[in-house]
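Trainee: Letter by letter, the chains look like this.
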Amino acid sequence: MSTTSERPASGAGADVDDVRPGPPPEVRLPPLGTVGTLRWAWRQLMSMRTALLLLLLLAVAAVPGSLLPQRRINPAQVQQFLADHPGYAGWLDRLGFFDVYSSVWFSAIYLLLFVSLVGCVLPRTRAHLRALRTPPPRTPRRLDRLPGHRRITVPGAPDAVLGELAVTLRRRRYRVARHDESSLSAERGYLGETGNLAFHVSLLALLAGVAAGSLFGYSGQVLVVEGQSFSNSVPYYDSFTPGTRVDTGSIAPFSFTLDRMRVRFDAQDGGSQFGAPRQFDADLTVRNAPGESARAVTISPNHPLDVGGARAFLVGNGYAPVLTIRGGDGTVAFSGAVPFLPIGGNYKSLGVVKVPYAKPRQIGITGFLLPTFGGFDPQKGPVSIFPDAALPRLALGVFVSRPGEDAMTTNGVPTSVYALDVSRLTPLKEADGDQLRLLLQPDQTVTLPDGAGTVTFDGLRRYAAFDVRYDPSKVWVLAAALTALAGVTASLFVRRRRLWVRVSGTGEGRTVVEVAGLSRGEDAGIPAEVRSVVATLRGAADDGVDAAGERRTQRVERE
Amino acid sequence: MAVEETLAHASNVLVYSAMAVYTGALGAFALDLAGRGARPVAAAVPERAVVVAAAPVGGPDSGARSGSAGSVEAATAQAPRPRWANAGGIAVSLTWLAFLLQLAAVVARGISAGRAPWGNMYEFAVTGSLVVTGAFLVVLRRRDVRYLGTFVVGPVLLTLGLAVAVLYTPSAGLVPALQSYWLLIHVTVAFVASALFTLGFSTSILQLVQHRRERARAVGREPRRGRFMEALPPSDELERSAYRLHVVAFPLWTFTVIAGAIWAEHAWGRYWNWDPKEVWSFVIWVVYAGYLHARSTRGWDGRRAAWFAIAGYACVLFNFLVVNIFFVGFHSYSGV
Ligand code: HEM
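Note that the protein sequences, when read in sequence, are chains Y and R. Numbered by the numbering used here, the letters in the first sequence go through residues 18 to 576 in order. Numbered by the numbering used here, the letters in the second sequence go through residues 279 to 614 in order.
A hint or two may mislead.
[What the hints assert, rightly or not] Just a few of them, taken from the derived set where beta-carbon distance is under 10 Å, the chain R residues facing chain Y:
no.: 1; residue: A382
no.: 2; residue: A539
no.: 3; residue: W546
no.: 4; residue: G547
no.: 5; residue: R548
no.: 6; residue: P554
no.: 7; residue: V564
no.: 8; residue: R576
no.: 9; residue: I588
Just so you know, these hints were derived from the structure itself, not from any lab. The beta carbon of each residue, even a glycine, is placed where N, CA and C say it ideally should be.
All chains, please: the whole structure from these sequences, using the hints.
Mentor: Dropping the structure here:
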C-alpha cells in the first residue's frame, strides 16, 4: 500500500468544488480559477476554525457543572456550599456557576455554535444539492497520474467494452456519465455528504426538541403511602413545575392507588453489600380518567408507568409510621400514617407530626424511625442497622404549646410538614428534668407527662415517592439523536469515489482499457476498487498488479 | 451459595493469573520493540522488499521505494534471523492466553453474581480492559500492529493492578436502578468505544513522537533515544491509523451517549440531567467532534488533531477514574 496513492495528485483536473470542504491538509488545492471560489474557501476555513473554537469552549464551559453543586440536581448542596464558602461562593453564584447549563455564558456559546452551524450547513446543502444534479466530471486527460491506475488490453470493440463497464459501474451504485465517445466518468458515495448534512441538521433539531420539551412539558413530585391514592392535578403534588406553555387546568386526568410497596435488601450476613437495595416494586391500581376501568400495574425503577401521555417513575421509598395521638382531654386529635424521610444509613428516617387540634395543649412530635433498631450511638443518636423493618422503633421527642394557645400556624398559615418550628413550644421533660425521649415499638401506647395526652404507634406502612413527567417532545429528541447517529456514521464511512475509464481500439478487434480513480480524504481502497472493476471485464483474467502490473501489461501488449 | 462463592473466588484467581501472563507478554512486546529498533530501517516492511525484488526494473512511481528496499534486501539476505525475532510472536501468544484467562475471570464473575459483570468499578475495570485487549487482538489479526503491543498491554496491566488493589468489591447483585437491559447495551458499547479510544490514543502519541524524530532528522540531528521507534511506520501513516480507530469509536460513543439517555429516561424520567457522568460523556463527545473537525480544518496538519485526540482521551480517563469515584450524581453506584 503506497502512502501517496490515496491523495489526489495535482493536475487531476477533477473539479472538487461540489465536494465537502476540509480535506486533510496535505492535499494540494485543485486549480480553482475563480476569485469567488477562493473567497468561498476562505470563508469556509474561517468558519471551520470558529466552529472548532466554539466546540472547545463548549467542552470547557460544561466542566464546572460537574465540579460545583448544581441547583437543578441538588439545591440543598448549593445552599451548603454557599454557607461553607461565604467569600467567593456568592460571586460564583452571581456568575451562574450553580446553574451552569442555563447560565448566560453557556447558552451564549451553544447558541453561537448553532448560528455558525446554520451558516455552515446552508451553503453546503446548496452545493450538495447542485452536486446531486450534476453529472460526474469529465475524464482527465492523463489517467496514469491518478491513484490505482491500470491499463489492460481486452478482446472486443471499444464501444462494447465501455458499455459493459458502464453496466458494471451502475451495478456498483456509481452514477455514470459519458461525456465523450471514448470515456466514462463515474461517481458514488454522495450519501457521505448527505449524512454529514443530516448530522448537523439533526443537532439543530435536537436542540429545538429540547427547548420545546421545556416549554410544553411539566414535572411533579408526590409521596403516596400504601393504601392512599393520587390524582394528577396540581393540588395533589408536593411540588409541581410546569413549562411556560402548560395549561395546568387541562393535564391528563389519571389517578392511581398505591396498593403495596415491595422492597428487598441484600441480607447476606457479612457481605460487603449487606443492606444494599436489590428490588423496589410498587403495585398500583391505575385509572386513565375518573370513572374508567381500573388496571393493576407494577412499576419499578427501570419500569415506569405510562399513562395519559405522561410517565410516573418510582424514585424513592420509605416508611410511614401510623400514629394515633390523643390530647390531654382524651379525645383522638390525630390518627394516620406520617411519611418519615430517610436521612441516614439503613433508612434511619426523620419525621414530624403536628397535632394542632390536641386539647388543651397542642402537640408537636419530632424524631426518628429506625427500621431495625440497633441501640444508641453517643454521637449519632439512635441507629438503624438494616434497611428492612425487622425491629422497628420510633425515637421521639415531644413538644407542647401553652394551654389554649395556637403555636402551630403563623398568621393562620401552616408551616412546612417536614419541619417543626419549636420557637413557641416547650419540650416535655422526664421527672428528673431530662428531655423526654420516647422509644416506641409497634402497638405500644405511652402516656405523656404533665397530662399532655398519649401517643400510640399503631404500625408501619411504606410509602413510595413518584416523579411524574410529561415531555411531549422527547420522541422527537430521540428521533433527532438517532438521525444524527446514522448521519455521522454515513459521513465517516461512506467514501466519495470517482472512477474514470478510457478506451481506445488497437485495430485488431481488441481494446486498451485504462481505469483510474480519485477519492476524497481517507480512502486507501481505490486501487482495489479499480482492480475489481477491471476484473469484471471478459478476458481480463487477473492481470498483474498496479505499478508492477504496468510492465506485465506491456508484455501482454507485445504478445 | 457455595457454588457462587467458589466461582467468585475462581474469578479472582483467574484475574491474578491473567496479570502474570500479561506481565510476560509486556516483556516480550518490549523485547520485540527493542529488537525492531536494532533492525535496519525498512526490515519491518518485508512485503515491499519482496514486491520490488520480484520486479527489479523500477516502475514509474517506485523509484524512491526501490532504492531503500534494495539495501534492505542486502541487509536481510546477509544477517541470519536473530533470536529476538521470535519475541513478537511469543508476545502475541501470551496476550491471547492472558485474554482467555481474563475472559474466564469475567464470565465466572458474571455467573457468581447472577448478572452482567459490570456492576461496580472493579468489574468495569476488569471487563473494560478485557475489551481493550480483545479489540487489539482483533486488529492484530487484520494487520501487523505488534509495535502497539507494549502500549496496549502496559495500560491493561496497570488497569488490572488498579482494579485488584484499589477498586476491588466482592461479587454481589445489582442495585435496582441498574437492572435494565439498557445497562447491558449502554455499558457494552461504552466499553468498545473506550477500548478504541485507548488504541487511538496510543497511536496518536506514537505519531507525535515519530513526528518529532522525523523533524529532528530533517535538520540533520539523529535522534539518540527511542531506537525502537525506527520500527514503527512513519508519522503520517500512524496518523491515518489513529484516525481510522477514532472514526469507529466516535459513532460508538455517540451511541453510548444516546443509549445512556434512553436508560436515564427509563430510570429517572429525564433523558438528560447533567449529572457529572453525563457532563463528562458530553465533554468527551464534544472534544472528539473537535478532533474530527480539527483534522479536516484546512491548513492544520495531523499533529494538532492528535492533541485533540489526546485531550479527548484524558477526558475518558477522568470520566472513568475521577468522576466514578469522587463525584456523586445519579450514577453513584460504583461500589467503592
Ligand atoms: C454543534 C456543533 C457541531 C458538532 C457537534 C459537529 C460535529 C461534527 C462531526 C462529528 C463531524 C465528523 C463527521 C465527518 O467528518 O464527516 C463533523 C464534520 C464537519 N463539520 Fe461539524 N459539527 C458542529 C458544527 C459545525 C459547524 C458550525 C460547522 C461549520 C463550519 C461544521 C462543519 C463541518 C464540516 C465541513 C464537516 C466535514 C468535515 C470533513 O469533510 O471531514 N460543523 N462535524
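Trainee: Could you run down the list of hints and mark each one as holding or not?
Mentor: These are the hints, each one checked on the structure:
1. A382: Not OK, violated: A382(R) not within 10 Å of chain Y, min 23 Å.
2. A539: With Cβ-Cβ at 7 Å, under 10 Å, it holds.
3. W546: Holds: closest Cβ of chain Y sits about 6 Å from W546(R), inside 10 Å.
4. G547: Nearest chain Y Cβ about 4 Å off; hint holds.
5. R548: OK, holds: R548(R) within 10 Å of chain Y, min 7 Å.
6. P554: Holds, about 4 Å.
7. V564: holds (4 Å)
8. R576: Interface hint status for R576(R): holds (5 Å vs cutoff 10 Å).
9. I588: Given a least distance of 14 Å, the restraint on I588(R) is violated.
In this structure, the earlier hints numbered 1 and 9 are contradicted, and the remaining ones agree with it.
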